[in-house]
Amino acid sequence: MRKGVLVCLICLYCVLCQLVARAQANLLYQKYTPTFTEGSVKKYIHDIEKRSGISISYSTSYVDTRKKVSLPATETTVMDALLQVLAGQQVALKESGSKILIIASDGSTTKNIRKDRVTINGYVKEQLNKEVLIGAMVYIPELGIGTTTNSYGYYSLTIPADRHRVLCSYIGYKPDTLYINESSEHRRDILLSPQNMLSEVKVTTDKETSPDHLQLVYSDIKSTPALLGENDIMRSLQYIAGVQGGVDGSSSIMVRGGDPGQNLNLLDGIPLYHIEHFFGLTSVFNSEAIKSVDFHKGAFPSRFGGRLSSVIDVNTKDGDMQRWGGQFTMGLVKSSLNVEGPVIKDKASIMLSARRTWLDVLWRPFTNDVIFNFYDVNGKANYILNKNNRLYFSFYNGRDGLGISVNDVGFKTRWGNTALSTRWNTIINPKLFLNTTVAYTQFKYVLEDRLQVFENNVITEGDAYKGSSSIKELSLRLHANWYATATQRIEFGANISVSSFVPTDMQLTSTGIMSGVRPDKFKSNEFVVFAEDEVKINEKWVIRPGLHFANWFSNRFNYSSIQPRFYTSYKLFPKHSIYASYSQMAQFLHLISNTSYGLPTDFWLPSSSRVEPEEASLVTLGYAGKPSKAISYNLEGYYKDIQNTTTYNVGKNLFDNTLQWDEKIIQGTGWSYGLEASVKAKLGAFTFGSAYTWSRTWRKFAQLNGGKAFPYRFDRQHNIKATLLFQPSEKFDAAASWTYMSGEAITLPDQIYPDFDNNLLISPAPGVSSARYTYNFVAWNNYRLPAIHRLDIGLNFTKKKRKYYERTWSIGIFNAYGRRNVLFVELVNESADASDASIKLKGMSIFQYIPYISYKLKF
Amino acid sequence: MQYTSKLYILVAVLFVTCSTACQKELKLPAIGGDKKIVLIGEFVAGDTFYLRAGQSIPVSGSEKNGFQLLEDLSVNLSSGSNKYNLNSYADDFSSILYTYPFSNAQIAVAGNTYHVEATHTSLGTATAEIYIPEQVDAKVTDTSSGRYNNDSVIKVRIRINDPQGSANYYVIEALKQKLTIIGNDTTYHREYSRNALYTADKNSENVLDNGASTQNKRILLKDSRFNGTVYETDVYVLRTVLTFGSETLKGRSLIRIKSVSEPYFRFLKAYEVYEPAIGFNTFEQPVKIEGNVNGGLGMIGGVSQVDHVLSYDP
Chain A
1 MRKGVLVCLI CLYCVLCQLV ARAQANLLYQ KYTPTFTEGS VKKYIHDIEK RSGISISYST
61 SYVDTRKKVS LPATETTVMD ALLQVLAGQQ VALKESGSKI LIIASDGSTT KNIRKDRVTI
121 NGYVKEQLNK EVLIGAMVYI PELGIGTTTN SYGYYSLTIP ADRHRVLCSY IGYKPDTLYI
181 NESSEHRRDI LLSPQNMLSE VKVTTDKETS PDHLQLVYSD IKSTPALLGE NDIMRSLQYI
241 AGVQGGVDGS SSIMVRGGDP GQNLNLLDGI PLYHIEHFFG LTSVFNSEAI KSVDFHKGAF
301 PSRFGGRLSS VIDVNTKDGD MQRWGGQFTM GLVKSSLNVE GPVIKDKASI MLSARRTWLD
361 VLWRPFTNDV IFNFYDVNGK ANYILNKNNR LYFSFYNGRD GLGISVNDVG FKTRWGNTAL
421 STRWNTIINP KLFLNTTVAY TQFKYVLEDR LQVFENNVIT EGDAYKGSSS IKELSLRLHA
481 NWYATATQRI EFGANISVSS FVPTDMQLTS TGIMSGVRPD KFKSNEFVVF AEDEVKINEK
541 WVIRPGLHFA NWFSNRFNYS SIQPRFYTSY KLFPKHSIYA SYSQMAQFLH LISNTSYGLP
601 TDFWLPSSSR VEPEEASLVT LGYAGKPSKA ISYNLEGYYK DIQNTTTYNV GKNLFDNTLQ
661 WDEKIIQGTG WSYGLEASVK AKLGAFTFGS AYTWSRTWRK FAQLNGGKAF PYRFDRQHNI
721 KATLLFQPSE KFDAAASWTY MSGEAITLPD QIYPDFDNNL LISPAPGVSS ARYTYNFVAW
781 NNYRLPAIHR LDIGLNFTKK KRKYYERTWS IGIFNAYGRR NVLFVELVNE SADASDASIK
841 LKGMSIFQYI PYISYKLKF
Chain B
1 MQYTSKLYIL VAVLFVTCST ACQKELKLPA IGGDKKIVLI GEFVAGDTFY LRAGQSIPVS
61 GSEKNGFQLL EDLSVNLSSG SNKYNLNSYA DDFSSILYTY PFSNAQIAVA GNTYHVEATH
121 TSLGTATAEI YIPEQVDAKV TDTSSGRYNN DSVIKVRIRI NDPQGSANYY VIEALKQKLT
181 IIGNDTTYHR EYSRNALYTA DKNSENVLDN GASTQNKRIL LKDSRFNGTV YETDVYVLRT
241 VLTFGSETLK GRSLIRIKSV SEPYFRFLKA YEVYEPAIGF NTFEQPVKIE GNVNGGLGMI
301 GGVSQVDHVL SYDP
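If you read the sequences in order, they're chains A and B. Just so we're aligned, residue 1 is where the first sequence starts under my numbering, counting upward by one. Just so we're aligned, residue 1 is where the second sequence starts under my numbering, counting upward by one.
For reference, chain B alone in the conformation it holds in the complex:
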């Protein structure tokens, strides 16, 4: 219920219909400086290294609005004395997202810190430090159908065995993963649709920031309120049927429980209140999202995760 938005829209309509209303182009100062390297991804314990890289658009009157692919970027990965090169290639999304994937067949190890260095002849160097938390000890213990906030939901009970002492940050997501079934072969893709979640957990950042009636992208929990205990929390997944629009393309619903690094948690907390579809205008309160890429923009999160496949009758 975006009541304020409706009023703003009405005000805007009235303004627009005013016969003398007009738009005026304003000079944009070059407050953005130069283009920057953008690195986005998650390093998941037990998975291969994968990120996407591109370039930003500085907010300046001399810049074109459209994103462009960043060619000739070199991305290296190191951990201690081990150094790897991440290989770049084009995929189906490159032309849509204006980013190239970079990957390496090495496996990310929980508890390790990785250093990413991306170098480009004109954009310079961007670096990021990624710590991958120890393997998360969590599981789904129960599911049941119900209603929450007048929505049909699946209640999912999650148990987290939080290790004592260290600070841990947990993220819970509901995703539908794309898969292809051809004959007896099933192929899982690195492509998802998001399913909204509710939580009423007062220890969650979501309830603290947005209350218990807001649909969330991710549920965010800090262990500072339950350090060293076996902690149970409920999330409510909308029973929305997600389709990928093809007979051969199917999906499976996942509850993904992650332990993430502290910088990544802060990034996700800001990203949770950010709505990328709205665009920029001065009616909206700006949201500052800070990533971990020095000399560039974006976020590479460090993650250890477990998945639970959710079965339900839609």
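If we strip away everything but chain A, and leave its shape as in the complex, we get:
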């Protein structure tokens, strides 16, 4: 089935390529037979357009369209016909993409200069700090062609050699215009200066590019009211249609029926594994170190792979090339410091950002028995070797710690990511951009448990257990952008990595190695190649076929995955387009979790000879419209099919050390479908955004629910998000956001009956009471918790002090109307007289009326 789809897609692609190639190469040489022998220039041009299907652009300011001409009704070429029709006029013919341009010429006769083309290229940067801008638009309005900058701010555009007006725009920045001509320098780095805050538009779907992904910038993140004032990328993503949060207050996200482990979290291109601090209060992505976030929930570009549901591609700031500056923030839970500046002005810069919780510092003078903290450090340095080469060095290290110790008895656990990378950007030629990345990433979780056995107040036994789980990966990645023509951009590359896994390792440290199952340590290799071709077939129609091939191999297994990707969009009207995509994804690593709290007990496990890679197929169909400058909307439907999705088998957890890790995991299938709608409107100082998702998500495991399908725990049928932003001046802004999510599905027993062993008169041990029940479960996830909804409000007061200093006080309240959103439930008996007490289902609820205040100083 999949091979068939792949063959069809390849065939379709070949046909389209032929069409495009023909259209592009032979516009002027296409056959044309006039249907009349005499008429006006305009009539002949229309006839050529009608018969050849070629669009011809011209201006009546230099083309006399009323002039009468005659042409024999015999077969000729479009070029010869036009040359004859336009004979005597000072014009020239050019091909531009799928168009023929009739342009004013400085000569005296009509000529065809179609072969002269130039490639303009360069970087788009911010004027003040020379930070490159990702996704900036470079556009030539007269030709109707343009491109966007890649992940390193690079653009390349091949256009007919002539004098052109080039427009460059980027969200939140003043558009810039430059002029080029045949003799001018074609390497043009473009500098954009920021607009003032009031004219800033938040989400860049408003730009006239394909709606295949979203881009968030720092201002999107900081304008979202947040729990305890912790502005966070992941929390901002929760306001996007098709994305839902986990339990209330958590920063984890689930995309289109997937789980948090099916999101590819990239920090400067390096995958991070456990991305939550403080049980999901905030993510490991420090928003103050971030330049932009590209979020893909469908139409996955072929360069991405390894996860099923979404890609969160986070790019950190490069560092100011002009001056030293930074930002200090003090919140209720943590404080952070961000410093950046030039090492060599306009040539090399660095950025350092660090965060740490300070709550534990408060109780440190009194006790060291309770550990509850996190920190992370982001660092980045870049050096411009010359105009065609640039180096980046990135570093990330983050840790969470948790533990309780009383009289040397207790436990301590810590976990976190470390990532290092070196990237080399090189412009091989104006049309070919290559990035080479060498990266190392590591995730490690360590649990230390100390216990003592007392008899008659004397320690008779003392043991210490140490458990760990880790992943280490070293990778080399090549990624090239080839800007073949103005209408065709090809991306291709390869990736090879070596990973080392210790899924679980438990040791008894006081008396030697613990008996039981030996830790399973092994290495795995990954080889990936990908290619993608974005083709503008005409002004209205874009296609982007791609292929991602991945091979995971070791001495134990060898899995391969061919993943076709296809995206197309068609402009029905100006600023209204319909689009569709098909993506196959595969996932070699699996996050095994019972919750979405971001607990350290969520484990990343690789595929093995027993656990096969997860696979998903996703189909989307959407409509994007922008009826006016102030309003934009989007409608999208999807269907996703998941194979080999994983979960724990009944009654299993990973660190009980009784089975090899992959024997505790079961695999099944899943599917999800839904409709998403979002709208954004700006009226004066108000900006309103809303997203609604209707979706259903199912899971099916042979070992659970009698093999029947059941709703996924986070099968939330209705998701509504609304935000209102009020920005009357640069000194003050206020934001309110409202969230509604249908309740999650949980498994409740239908009956409770006396315990089996008790009634065989077998007690588990002497003296154990009989207060034991058997819960009878008939169906999985048969009960719906109440819907989650809440209103969050935030206010920012900003004051500029001197040229570079700016301070902001932020205050707000999370869950302003105190909705008791349930985190987990239990069946309880609150009465001393059990026989008289009713069965009660109690839900634990926190996060009501949580106020926050934070102080930020920018310097």
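Since the hints were derived computationally from the structure, they do not count as laboratory data. On a predicted model such as this, the values are computed, not experimentally measured, just so you know. Backbone N, C-alpha and C fix where the C-beta goes; we use that ideal spot for every residue, glycine too. Careful, some of the hints might be misleading.
[As the list claims (entries may be wrong)] Sample of chain B residues facing chain A (criterion: CB under 10 Å; computed from the structure):
| # | residue |
| --- | --- |
| 1 | V38 |
| 2 | L97 |
| 3 | E191 |
| 4 | K217 |
| 5 | Y271 |
| 6 | V287 |
Dock chain B against chain A, hints included.
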């Protein structure tokens, strides 16, 4: 080592200590329907018929949490054309377990299938089919002291002569049976304490489900992996000293080797991973346990068994 539980507890403590934390009572839908008859027991070849019966509590906001004894239940037993009534009476456990014992002096016969029908005026009728396997041919061949998983254990070697052709299901338990010694008279009671077992037998369901380092209630073996052979397996019994707390009440340690019916084996396999003491909360993965009582709940297992009295110096 319940590490995950510890973390959950810590998380729960943090949540609880949060000043705004609160409990919210949720409306319970009547997903459980009506109360059901509960039948629990084992029919053992060569022993009299004995089971316990009570009623369930539907999970519903209108129901009381406490169990109640089920009065006026009638339980009948039939096998072929033979029909018997099981007599109900109250014992010392009725008020604790909320079940009444039902028994009959007839002897259960290996190879027979029995039909149990329990009828109640308001709860309706519940039925169960119980097949009693042919007499198990197994014995303890050797015992020795040792250590397993850092625990002091008695290694017990068991030999099973598995009949060819038919599918057989074996269960091994270590129990301490309560007995009373008054003078020269010893009375054995139908009351036990469980002693945990280890196994490293890769053919056991326990190793397949839980690995070789887990303490088990029962060791479960299917003969599909050794059909028609003389099969030997080792179990490791914890040298735990069990007491019944009285000078006159003593106990004897038993290794009980059972051949059980297939539905009973499936029930025990699920029950092995179920921990009845934990209660219900959404942090725990639910375990579905299917019994053989139609129209009701519970399990009546069909069993043929042999006992080996284990003698050791505690």
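Each hint, compared with the structure:
1. V38: holds (5 Å)
2. L97: Hint on L97/B: holds, closest Cβ of chain A at ~6 Å, below 10 Å.
3. E191: holds (5 Å)
4. K217: holds (7 Å)
5. Y271: holds (6 Å)
6. V287: holds (5 Å)
Violation of the numbered hints given earlier is absent; every hint is satisfied by the structure.
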